[in-house]
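**Q** Spelled out, the chains give:
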Amino acid sequence: MDFGFKLNPSSAVNLDTVDRARYDRLVQLEPDALTCIGCGSCSATCTAAPWSGMSVRKVILGLQRGQDDEVDSMLSRCMLCGKCTMVCPRGINTRHLILTLCRLNRKGEIVR
Amino acid sequence: MLGRDIYESEHHTTCAGIAYHCDTLPQETAMTVVARQFALMTEAGYDNLVTSCITSFGNYTEILETWRLFPELEAKIRENLWKACRREFEKPKYVAHASDLMYKLRGEIAEHAQYQLVSRSTGEPLRVVEHIGCHYSKMFPHKGVGGAEYPCVLSGMAETWGGRVIDYPERRHCCGFGFRQYFVKANRGYSLSNTHKKFESMEPYHPDMIITNCPGCPYFLDRWQYVISEMNGKTYGQNGYGIPVLTYEELAGLVLGVDPWDLGLQVHQVAVEPLLDKIGIPYDPARKYLGLDEKKIMTPGLPTSLKCC
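In order, the protein sequences belong to chains A and B. So the first sequence is residues 1 to 112, counted in the numbering used here. So the second sequence is residues 113 to 421, counted in the numbering used here.
Just so you know, the hints here were simulated from the structure itself, not pulled from any lab data. Don't take each hint at face value.
Below are the SDA-like pairs computed for lysine to any residue, each with C-alpha atoms no more than 20 Å apart in a straight line [as the list claims (entries may be wrong)]:
1. A:K6 / B:N344
2. B:K205 / B:A156
3. B:K297 / A:F5
4. A:K6 / B:A298
5. A:K6 / B:G301
6. B:K297 / A:G108
7. B:K346 / A:R95
It should be emphasised that the depicted structure is a prediction, and the values quoted were computed from it without experimental measurement.
In isolation and in its complexed conformation, chain B is listed as follows (with noise of 0.2 Å):
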């Protein structure tokens, strides 16, 4: 739609960053599963590398910066890889997360926009509220958009497509996912706590939707609105609903006019129609779990206390 060249290879794998970061392989592993997204890479004939996941860039970044001050390291990967796979590679000329790309395009996304964010009933800015992964720009600030204290990735895309993003106390708090507190059982009610702390510190501003830049953020900051309501019976949007959270592709392809099943809005926890009521956005109630070719999806039940279309 916005006419740049993107190669996506079907052999692309994990990063490692989630058995990296919960201590279940060595570093050096990791960094031989990157190296072959760079062996992908360097084969498909491209010299720039774009990752969606706020892991992945920062552990790419990690790795190269870990190359370029151990050589030696380096050179060992290269020599496991080939034992492994037979691949080589050359190291991406420029690392960067797909929000940077989609920042860099936010001007050209919103001429190209069908909608704005803006609401239709009474033409004020929605209140937005951005989150951005925390491997984006805690680990290497240099290497966001603002840097780790003040990251305008999303804010400036956002305020491009008319939106009016708002600070609350624990905006640069994390959305609670911290591998290891979600993934060992007995710590999942430290990652809900994490989570249950930011609704509740956004919650006075009533904003209408949440965005973030990291495919994880919105699971959890998304699933836990269930898990609260079903706990205590706390919601956090307007009239029993939740706050929609959707991620800045999203976001984009909502602007841009493309159809909101299609994105998949339709597997989210929370629901995302009084969102679109709000703005305006067409969508049809009998197709919402229709999936390809117009076949059912499974329809999921209904939650005890969140509100869903």
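Here chain A stands alone, though its shape is the one from the complex (with noise of 0.2 Å):
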């Protein structure tokens, strides 16, 4: 039956579902990754960022949430620049990190 309106999708994450294997493994191989403050710094200063939506907080964010689709959408998009890198008040390696998340499938497992 056409209401006129619809039920909307929910936006919640269950957390005690999510897998997070992968950003698990990135912070092994990156514990500069648990530093992020969620500043968006990096955002910000992303050339990339206006037209394809690219965001390394973002991306952090995502691993955390188990929404992979939208990190490798993101990740896809960098054009390895390395601006985020120079401006982190963190100082985290913004690049490499990306590079290292690159490595990695989606069960935390080094492929390339």
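Both chains come to you apart, so use the hints to assemble them.
**A** So, in structure tokens, the structure goes:
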């Protein structure tokens, strides 16, 4: 039946059922990821962000929430220019973090 | 039945809370409408005000607090009221929500109760979801019993009358009404999704009923169960039924032995018969759609998915 409005899918994330293997492996390889404060400086300075949706902040958040599709989509658009590394107030080598992440599959195994 | 001196005026109108929260009229207009209600109270010789609507309760409380902080505004409203209808008023000594009164009288109601919120077949307490209207204590926490974090006005009633209140993750989430979310059709999906979130959260706890202390909340918790069932075939009660939704007044009436059809439970979207059967409250199915003087009121069509009696 068409009521003229719809039931929107929930955006709630159930952290009890999320598989965080990829994030946990990333933290092992790049412990700096734990120091991210989510300030968004990386996203603000990203050349590709306005038209590609790339955001290191959202990548880390997406990994913690098990949103692998969104993470892979963003990673595929990164041009590895390294501007995000230059502005990170915590000194995280975000460019290296992205490269490390690209080597991991969704189960956290090194495949490249 | 409980021997209280309650006066209800036929001249009482809306508190204008809906229009105020929808931004269709300024607060000064809403204040003048409320001032008229206070004038009715004063003219009838009463000092205290009881409201059954959560938004009205929030509205009255907000206005009295505003007048306390800005007395010049109160003077202006008094002038507005005099110009509009030649009325004057005293401010109520105490504004209470009707559920506060019912909470206070819950022990007395339990003494007069003919039924308890207990399953007749198993002897177990019924599992009750309580939903507090947002404007009851989220705006002025100290005005609600238990405050904003732990309002116990409904859980106190349910437990006194034999039920067991169940806790669930989205217990304090809005019912989905939210005036602007509902009245604008384009936003109505937001309202529906909001209520859907609550149903999904409470479903694993298998509630036997939902009780509310706001007139708006049961409407949405009741009607949206039908809409969700029509949209995706999902029902939340047992055996294809929905979860019956009652106001605290209806629940008090039921435990005191008032006939379910005299309480108006036949106009609910979700069938209440499974709940009545569980408690053991007798009802006459033939009288369900008979109104005053045994005149037949209209019989609704049946939903596609949601099972109704």
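**Q** So, for every hint listed, does it hold in this structure?
**A** Verification of the supplied hints:
1. Of the pairs offered as hints, the one joining A:K6 and B:N344 holds, with about 10 Å between alpha carbons and a cut-off of 20 Å not exceeded.
2. The suggested pairing of B:K205 with B:A156 holds, with an alpha-carbon distance near 15 Å, which does not exceed 20 Å.
3. For the given pair, B:K297 sits about 7 Å from A:F5 by alpha-carbon distance, which is consistent with the 20 Å threshold.
4. For the suggested pair A:K6 and B:A298, the alpha carbons sit about 9 Å apart, so the restraint of at most 20 Å is met.
5. The hinted pair formed by A:K6 and B:G301 meets the criterion: a straight-line CA distance of about 5 Å does not exceed 20 Å.
6. Using a Cα cut-off of 20 Å, the hinted pair B:K297 and A:G108 is violated, with the two alpha carbons roughly 45 Å apart.
7. With a CA separation close to 46 Å, the supplied pair B:K346 and A:R95 exceeds the 20 Å bound.
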